[in-house]
Structure formats: structure tokens, C-alpha cells
Amino acid sequence: MRTAVPAAAAAIATAVAGVMLMAPANAASPVPSPTSKPAVTSPSPAELEARLAGAAKSAGQPQQPETSRFSSGGTIDPMVIGGTETAISTAPWMAQLFYNDGPDSFFCGGAVIAPTKILTAAHCVKGFDWKGKGVVVTGTDKLATGGTNSGVWRQWSHPKYNDYTLDNDIAVLTLASPVKAKPINITKSHDTTSYKPGTLATVYGWGRTTSRNNEISETLRKAELPINSDATCADWELGDQFVKGHMVCAGKPASGQDSGTKSACNGDSGGPLVVGGKIVGVVSWGIQNCVKKGAYSVYAKVSSYAGSVVPRVDDGNLTGDHRSDVIARTSGGTLYSYASKGTSFAARVNQGNYSGTNVILQTDLNRDGYEDLVIRTTSGDVMWSHYVPSTQQWSNTKIASGWGSRKQIVVPGDVTGDALPDLLSVDSAGVLWIYPGKGNGTFSTRVKVGTGWSQYNSVRGNGDFTGDGKADLIARKGSTSEMFLYKGTAKAGTGAFSARVKVRTWSDYNAFDAAGDVTGDGKADYLARTPGGTLYLYPGTGKASSEIFATRVKIGTGWQQYNLFG
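With mature numbering (1 follows the signal peptide of the UniProt record, and there is no 0) applied, the sequence shown covers -27 to -1, 1 to 539.
Quick caveat, the hints were computed from the structure, so don't treat them as lab data. Any given hint might turn out to be false.
Claimed, not checked - Derived lysine-lysine pairs resembling DSBU-like cross-links, with alpha carbons at most 35 Å apart:
#, residue 1, residue 2
1, K380, K411
2, K155, K251
3, K475, K314
4, K217, K266
5, K169, K106
6, K161, K30
7, K411, K195
8, K106, K30
9, K153, K464
10, K464, K475
11, K464, K314
12, K161, K133
13, K195, K30
14, K380, K225
15, K30, K169
16, K251, K460
17, K314, K266
18, K371, K10
19, K251, K104
20, K251, K169
21, K104, K169
22, K133, K225
23, K30, K99
24, K314, K10
25, K266, K225
26, K460, K516
27, K516, K104
28, K475, K516
29, K251, K475
30, K314, K169
31, K450, K475
To be verified - DEER-style ranges, computed between Cβ atoms:
#, residue 1, residue 2, range
32, G306, N483, 16 to 24 Å
33, S452, G423, 42 to 50 Å
34, A12, K450, 39 to 47 Å
Where a beta carbon is used, it is the ideal one built from N, C-alpha and C, also for glycine.
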């Protein structure tokens, strides 16, 4: 009997008792702050504490739908059996997910992959109201005690998750405010080394430590497990249920009893499987009671989902939902924001007078889930405008000076592969530089990518255009109107982008904007405006070819009034 893997609450109740400035220079800001504030709300500390107490007393496992192959007597099973206790200092990114719904309460594990983002399993998320009934605990190795309680603002589970097969079992929770826990990065889509058979991985969790009862661990535990080949994973009695490419199994065959078995089990669902300091798997399912002879624990293969997860990590926007908004400034200097409704926009909102600026870009330099603006003033200063949740105010920080001659400034996201957003610029000589971000509005020493970028009159990027989880660029050659894709490689320096690929020739547009994921489907989109003022949305397809965009969608007319787009 295969089972997916959260934990029983009675068991929980038993267990718990450039001059680029290397440091920001705060100064009187020459730019205003946006008038809008993110519409993010969170339950009170008392409410979160009540949810935690309720879930800890009665949490069970997520109910399976009636059509599930597990509904007839099956349960959702993963624990760290055969592991050892460990301190939160060894895994500061570990998170406890409690869902408080009376007798249907349950517990799962998770991992902090950005200050407001928790990676977990879809079977812990889909169909549940985490905003209304959930609480996430970070910063403690003790179950339900001593940590920081956080409310959930948004939830996402893979759109192709299947309750019956547990395929595509991966999800992301967005917290209402950043946590202090140090994040852990997920592995990249090109990673094959971490999955070589015999590679030692470490699974973490508070799940069951024995097959003889349902009690889970009071303290965080870990166990080292060897990665197995797809053939090994498929060559056991549940082989037809192992989805090659989407799942990975780990560990030596279970012995049939606790002794001699190392495995994830009930309560470990959603927790991370780690290799080389990166998450390569998410605890998904296993055999009921976890020790049946010959069995393995099974995990969602994270490299296959990087292109789905990364857009959910880097999805800050002014309105606090999962769709990127568009900002545009009139020739008179008034900045407006347009909240995305998918393939159309809500009425514009006045964000203030930005007449003293000539670049305004949307990003999230500190990955706190709140959208930032990178702004260049007419004097050549570059400012980082970011929302501070603790004060509920915007703060403006100078991050560079003397940039008046820079031909392009781009904030495409994480270019170097360290999960921290970067800043790029093309200087007056046509050299493209990467300024590796540190995740706090400051940057490491710049790295040269290459020359010849003066040929482009537009270099844009905001996210992943090709579906592999890596930030890309789209550049337009001024002399021919050809559009080229520079596919990101998650490396710094000359190898930061693959050889360019021609994807379009657009001579009938004179303004462009890579606003991010406007439609909310996880793929980066593009906007283009005609000289007559008609704005079109080009939804991304995730294809690195001439089919990179789907059929254009007309947004509206009158956009010739804007001379800057973010």
C-alpha cells in the first residue's frame, strides 16, 4: 500500500509538549515613493498560536479523495526512521507546517527557499485553505515550540499534480512576512550529478521514528540515504507507480523492521532531500509503515520542477498576488501601475511624479516577496525603492552613482544561479556587466559578460522565458529590428548566457517591456507597443525558439502617452 506522507495529530500531541556602491548609502531621496502599499494581511500572533495549538492536538494526515488508490484503508505515509537527532543550526531552513481543521488537522515538513517562500509537497497543499487555517513554524528544531509562527498569504501547487498517482507532488507557500531563517537553494534543471546512483543525500524531518506506533519526533532528525537509479526505483512491487523523471527514490531497501531501515515516513511529507547544500527532492510517498522489506521512500525530483518553482519564488508585485503588474510613466512624469488580471489590466493607479527619472524597473532585490523598483535619476544615481513590512513604509536607498551614460540597465532576476537577484548594465562602450546581488540591495564586484551590446536598442529581462528556471534576456538589434533570446545558464562571466537565438523581427513596435509573469502561469511574458500607441501582450510559451510567444493579445490603445515602461 503506497502512501503520501504527513503526520497524525494525536501523535503530534504526544510529541509536543560601479561605481557600484558596495554598501547602500542612505540619503535624501531624489525620487518619491510609490503611493501603493502591498495589500498583504496576516492573522494576529494570538490567532497563529491558537492554530498551532489546535493542530498540535489533533493533526492527522491530509484526506485522500474518494478516487484515490489510497482511499481504501491506505494512508499517506513518511518519518525519518533510523536517523539521528540534529540541531536547527545544521538545517536552519527547516519549516514545520501545521494545518488546523479540527479532526482533519495535519502536519507536514517544508523548507525555506526564500524569506517568504516555503517549498513543500502538493499533497500537503492542494485543496486546503492555508491562508485561513495554516501556520508555518521556523527557527526551531523542537516540534511546535520555540520558533517563529508565520501566516500564509498565498499557496501554489503544481497545476498537474495528481491526487491518485502523486505525480508532480510539489508546492510553494508564500508567507505574509519574511522570516529570518536562512534559505536553502533548490537544485537547477541541468543538474544530473546530484542524482547519480550512490550519491549520499540527507533527508530531514519530524516524522515517525518507528513503524510500531504513530508518534512523531519531538526533535528534528536527519538520515543519510543513497540516491538510487530509476531502474532500481521501478524494479520493486510498486514499480508501475514510479514516474521516471518526476520522481527519485533514495535509501537502501527497507529491512522489514525498524532495525536496519533508514527511511522517510509519516510526518516528513514535504520535507527536503538535500545534496551538496541544495534541495534535490521533496518527500512524497512510501509504503505504509515505511519498513516493508525491499521498499524505498520516494521524492519529487526537484530538478524537473525548477522551471515551475522559481517563478513562484520570484513573483513579487505591487498588488500582492501571483501576477506581474505593469508600470508606465507619462511624458509629464506621472507614474501609473496597472494591476494584471491575466490577459487584461485593471484601472491604472497613480504612483506619483517621477519626472526626474529615466529608468524605472520592477524587481525584488531582497527576495522578501514585495516588489521593489530600481530607478535611475536624470543625474545618474541609481536608487533602490523597497517596501519595509515592519514599518509599512517605502524606503529609498542609493545603490549606484555615475550611471548616466549606461545604455541599458536590466534586473532579470537570478542570473548567476545562487538564488539571489542580480543587476546588469551595458556601459557606454557596449560591454555587458553582471553585478551579483547579495540579497539585501548590495552587490559583489561586477563580472564582465562580453562586448558588442551597443548594437541593441532594447535589452529586457524579468524572469525565465524558456521554462528551465533560469533568468533570460531578450535583446532587439536597432539596425534590423531582430529580436534575440539570450538563454541564461545560471553562471557568471562570459558563460552567463548561451549563444543568441533569433526569435522575432519586430519593426512595427517602438517600445517594449519584460514585466515578468503577467498571466500568472509561471512563464515570463513580454509587452510591445506600436508607434500609434496600441499595446500588445505576448504570453510566454517556455519555448526557446521562434515559438517563444503565443498569439498576441491586444491590451488597448492610448499607450503612446508613456515614455517609460517598467
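**Study point:** Index of numbered hints that the structure contradicts, given in increasing order
**Key:** 5, 6, 14, 15, 17, 21, 30 and 33
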